[in-house]
Amino acid sequence: MRSPFLRTFRIIFSSLIFICFFLLFADFKYLIPSKYISILLYLQFIPSAVKFYDLLTLASAGFIAVLVLTILTGRTYCSFLCPLGIGQDIFSRIGGRIRKKFRRYGFKKPFTMLRYTLLAATLIVVLLWGVYLLTLLDPYSIFGRFMTYFGKPAVIVLNNFVAGILGKFDIYSLSHSVVTKYQLLSYSIPVVFLLLVGGLSLAKGRLYCNMICPVGTLLGLVSKVSLLRIRFDEERCTRCGRCSLGCKSSCIDFLQYKVDLSRCVSCFNCIKICPDKAMLFGIVKLKKKEHQTDPEKRRFVAGMVLFLLGLPQIVRGQDKPVPVPQKASTVKENRTTPVCPPGAGSIEDFNKHCIACSLCVNACPNNVLEPAILQYGVTGMMQPVMNYHRSFCTYNCTKCTEVCPTYALKPLLMEAKKLTQIGKANFIKDNCIVKTEKTACGACSEACPTKAVFMIPYEGNLLIPETNSDICIGCGHCEYACPTTPYKAIFVDGNAVHQAAQKPEIEQSEIEIPVEFPF
Amino acid sequence: MKRRDFLKKSAGAGLAAGAAVSVGRYGYPWVSPPVSAKYDMVAIMGGNPDAMFDLGIQELGGMGAFIQKGQKVLVKPNIGWDVIPELAANTNPLLVKRIIEHCFKAGAKEVYVFDHSIDNWVNCYKNSGIEKAAKSAGAKVVPAHTENYYQEVDIPGGDRLKKAKVHELLLEADVFINVPILKNHNSTRMTCSLKNMMGVVWDRGFWHANNLNQCIADYALFQKKPALNIIDCYNVMVKNGPQGVSKQDVVQMKSQIITTDWVAGDTAASKMLGVETGKIEYISLAHKLGLGNMNIDSLNIKRIKM
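First to last, the protein sequences are chains H and W.
In terms of the numbering used here, the first sequence is residues 1 to 519.
In terms of the numbering used here, the second sequence is residues 1 to 306.
Take the hints with a grain of salt, since some may be wrong.
As the list claims (entries may be wrong) - Quick list of the computed label-pair ranges, beta carbon to beta carbon:
1) Asp-297(W) with Pro-486(H): 46 to 56 Å
2) Lys-305(W) with Asp-27(H): 43 to 53 Å
3) Gln-248(W) with Asn-334(H): 29 to 39 Å
4) Lys-126(W) with Tyr-116(H): 44 to 54 Å
5) Lys-105(W) with Tyr-30(H): 29 to 39 Å
6) Tyr-116(H) with Lys-132(W): 52 to 62 Å
7) Met-1(H) with Lys-132(W): 47 to 57 Å
8) Glu-348(H) with Gly-46(W): 54 to 64 Å
9) Lys-288(W) with Glu-466(H): 29 to 39 Å
10) Asp-430(H) with Lys-132(W): 40 to 50 Å
11) Asp-27(H) with Met-306(W): 39 to 49 Å
As the list claims (entries may be wrong) - The calculated SDA-like cross-link candidates involving lysine to any residue, where the alpha carbons are at most 25 Å apart (straight line), are:
12) Lys-277(H) with Met-1(H)
13) Lys-126(W) with Glu-402(H)
14) Lys-410(H) with Asn-123(W)
15) Lys-181(H) with Val-122(W)
16) Lys-239(W) with Ser-469(H)
17) Lys-132(W) with Asn-159(H)
18) Lys-165(W) with Leu-174(H)
19) Lys-247(W) with Glu-512(H)
20) Lys-140(W) with Leu-31(H)
21) Lys-105(W) with Asp-170(H)
22) Lys-72(W) with Glu-131(W)
23) Lys-168(H) with Val-122(W)
Just so you know, the hints here were simulated from the structure itself, not pulled from any lab data.
A virtual CB, placed ideally from N, CA and C, is assigned to each residue, including glycine.
Start from the sequences and build out the full structure, keeping to the hints where you can.
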């Protein structure tokens, strides 16, 4: 096949896929039903492989389909299906525009040592311990985190701007959304990766995919034996070298009529570029470019870095103000275990299966999840953890368990979720407003969906909270609602192994239906 | 113009436009509600929420006695909880719908409905059935879940609550109709008309931390008072309030109280709930501040049984 439409087809197809993934993560109105999400995620290599490892069912065998596809057509996955890969293509295109004149890649030697070492290290860690390195290096997860930290906030800021203007005209069909603030430190990983992946793709095309990405390296090994591949028609070729200069994988050595199949992502740019129709998709080559500093570009890069560092600051201003009671609370909460989302089973199990794509963080309608910094230790960085200072887990909701692509959060029926104890509430009487201020409060008990936090008589007319751990599910609404600072008077300590809570006791009320007005 | 310059300029212009629209503040040119009703309070028992309201409002001279043509009306139900209507944690949607219909019939230009919910607002609006009911009657259901919908106001004479951020539509509306549902409350013992105001302010945590009962009474000093309080006592949560756990917490009282005096309304409601009025501290605090009359025996009450 030498049709230039191969490239057009690739661009249209991959754009659609990219838009789907963008909407999936930027869906701050929670409109996309979970069933569509699982269809979209079916062919994502790492999520599917991790899920398959657990379930061994065809329903989770998407990655096998990807391997078959690679044997047939080479690394088309990287160009057609990988959201991070497609995103890099968009960056490369912008990079080409910034340069104004046509940007030239040229053939480069592969980083053989580096890429195979990374692949081997990832495989060893995964086989021996769990998904730890994958959480950092899986391309889908990296894309997910970019969306969580930069893409979705940008969409919400835009929405709020428009909603603000419409609001002035009495139109409330668009509503404001809060841009989620994450802890400053947790921005470090996505920022580093954005600079790395973004920078490499702006300047060097698919270098990230061919040097660091373990999925790219693995599929590269498979594609060496692929059936369909990019190759030269040596009779037609005039050795003009345009194919090589336009190859974003820098894998065409035109002097030797060779295409490095382990790096070729089947983007078909060479087919389109070749004036002699000498490149075809059906077996088998070079060169370089000079360096020059461009002050405009440096300013642009510096501006972007400042923007990325500033974004968390802009975002931080949007939190609920902390109410200030008369006296500060004095007893520090004694937290021993982080709270892991429902469906995880146990923290240990969860840490082994979660690839930190942060889809659940985005899908949570209540914004209670955030990527962990060190709550789970170094190995669990970026895996989701409950933050009850920002929000709480909605009683009637199982969204995170529905969207999880790896089964790290196993699906829970609503009734089962309502009885899944992910932590237990602990009351610190010495911090409580009722004791310190001698005034009524009850914010915690008001919020409790099971009445595991209830009120008992205290001094005079006052009532004070009391907890019942048996029916507590650890949703954290009490902790969120508690108005004391700097320490809460009630907090949820996580269960390392999730437990079954008892059903709340139901008693018929003693008050009877009135027949006369009591006044 | 270079593309970069264009981007810079348009970003600047966008920011300026955004700043300009957010600067405007509200004045206070409110029309005071025309109160000249025959009774201080109408209590109805034995019908459906909408039918009881039809009868009750008629006794007070119809909605036209409270709304003038072309006015903007705010109807503020309780939509605090993500539960179905049968659990009675939120105001009855049928009642909300009928009130809105009466407002439009009386010539209201626009009717708004919102509540600063406690659970996730989208779920609350939807699962309470109120969003659908209000929209079907023609009202605008407005978000109230982010701080930018709120404006800071003074509470003159407030003891603990001296300032509060209230929803912009409370300030914008010409007429404010308070539609609480009567419920047991875990710490104040009852939530009704006065406590329903925790859903028009942004920072509820401050109230909890600074003498809840006093703050509830203080807020009632704020000049934008309800023209009418319509208390939904159809299904009444008598325990485990204000959220409730099961249907067993609910008693079907099939009643409704309509009054211009919210302190009196809450006093009557406390008797429906079977709680000693004296134990609900904010009622007597509000009474002392002169915000209403808790001695309801001295009031002119119309009682109707259907």
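Each hint, compared with the structure:
1. Checked against the hint of 46 to 56 Å, the pair Asp-297(W) and Pro-486(H) passes, with Cβ atoms roughly 49 Å apart.
2. Range check, Lys-305(W) to Asp-27(H): about 52 Å between beta-carbon atoms, so the 43 to 53 Å window is met.
3. Checked against the hint of 29 to 39 Å, the C-beta distance between Gln-248(W) and Asn-334(H) comes to roughly 36 Å, which is consistent with it.
4. Here the CB-CB span from Lys-126(W) to Tyr-116(H) is close to 53 Å, well matched to the stated 44 to 54 Å.
5. For Lys-105(W) and Tyr-30(H), the hinted distance range of 29 to 39 Å is satisfied, since their beta carbons lie about 36 Å from each other.
6. At about 59 Å, the CB distance of Tyr-116(H) to Lys-132(W) agrees with the hint of 52 to 62 Å.
7. In this structure the supplied range 47 to 57 Å holds for Met-1(H) paired with Lys-132(W), their Cβ-Cβ distance being about 54 Å.
8. Under the hint 54 to 64 Å, the C-beta atoms of Glu-348(H) and Gly-46(W), about 60 Å apart, fit the expected range.
9. Range check, Lys-288(W) to Glu-466(H): Cβ separation about 32 Å, and the 29 to 39 Å hint holds.
10. Remark: the range hint 40 to 50 Å for Asp-430(H) to Lys-132(W) is upheld by a beta-carbon distance near 46 Å.
11. Look at Asp-27(H) against Met-306(W): about 48 Å separates their beta carbons, and that is inside 39 to 49 Å.
12. Simply put, Lys-277(H) and Met-1(H) have alpha-carbon atoms about 10 Å apart, close enough for the 25 Å limit, and the pair holds.
13. At most 25 Å may separate the alpha-carbon atoms for a hinted pair to count; Lys-126(W) and Glu-402(H) meet this at roughly 21 Å.
14. Among the hinted pairs, Lys-410(H) with Asn-123(W) is consistent with the structure: their alpha-carbon atoms are about 23 Å apart, no more than 25 Å.
15. For the given pair, Lys-181(H) sits about 20 Å from Val-122(W) by alpha-carbon distance, which is consistent with the 25 Å threshold.
16. Restraint check for Lys-239(W) and Ser-469(H): the C-alpha separation of about 20 Å stays at or below 25 Å, so the hint holds.
17. Of the pairs offered as hints, the one joining Lys-132(W) and Asn-159(H) holds, with about 24 Å between alpha carbons and a cut-off of 25 Å not exceeded.
18. Between Lys-165(W) and Leu-174(H) the alpha-carbon distance is near 22 Å, which keeps this suggested pair within the 25 Å criterion.
19. Distance restraint check for Lys-247(W) and Glu-512(H): the Cα-Cα separation of roughly 14 Å lies within the 25 Å cut-off, and the hinted pair is therefore satisfied.
20. Pair hint Lys-140(W) plus Leu-31(H) holds up; C-alpha atoms about 21 Å apart against a cutoff of 25 Å.
21. The suggested pairing of Lys-105(W) with Asp-170(H) holds, with an alpha-carbon distance near 21 Å, which does not exceed 25 Å.
22. Distance restraint check for Lys-72(W) and Glu-131(W): the Cα-Cα separation of roughly 18 Å lies within the 25 Å cut-off, and the hinted pair is therefore satisfied.
23. Between the alpha carbons of Lys-168(H) and Val-122(W) the distance comes to roughly 22 Å, so the proposed pair stays at or under 25 Å and holds.
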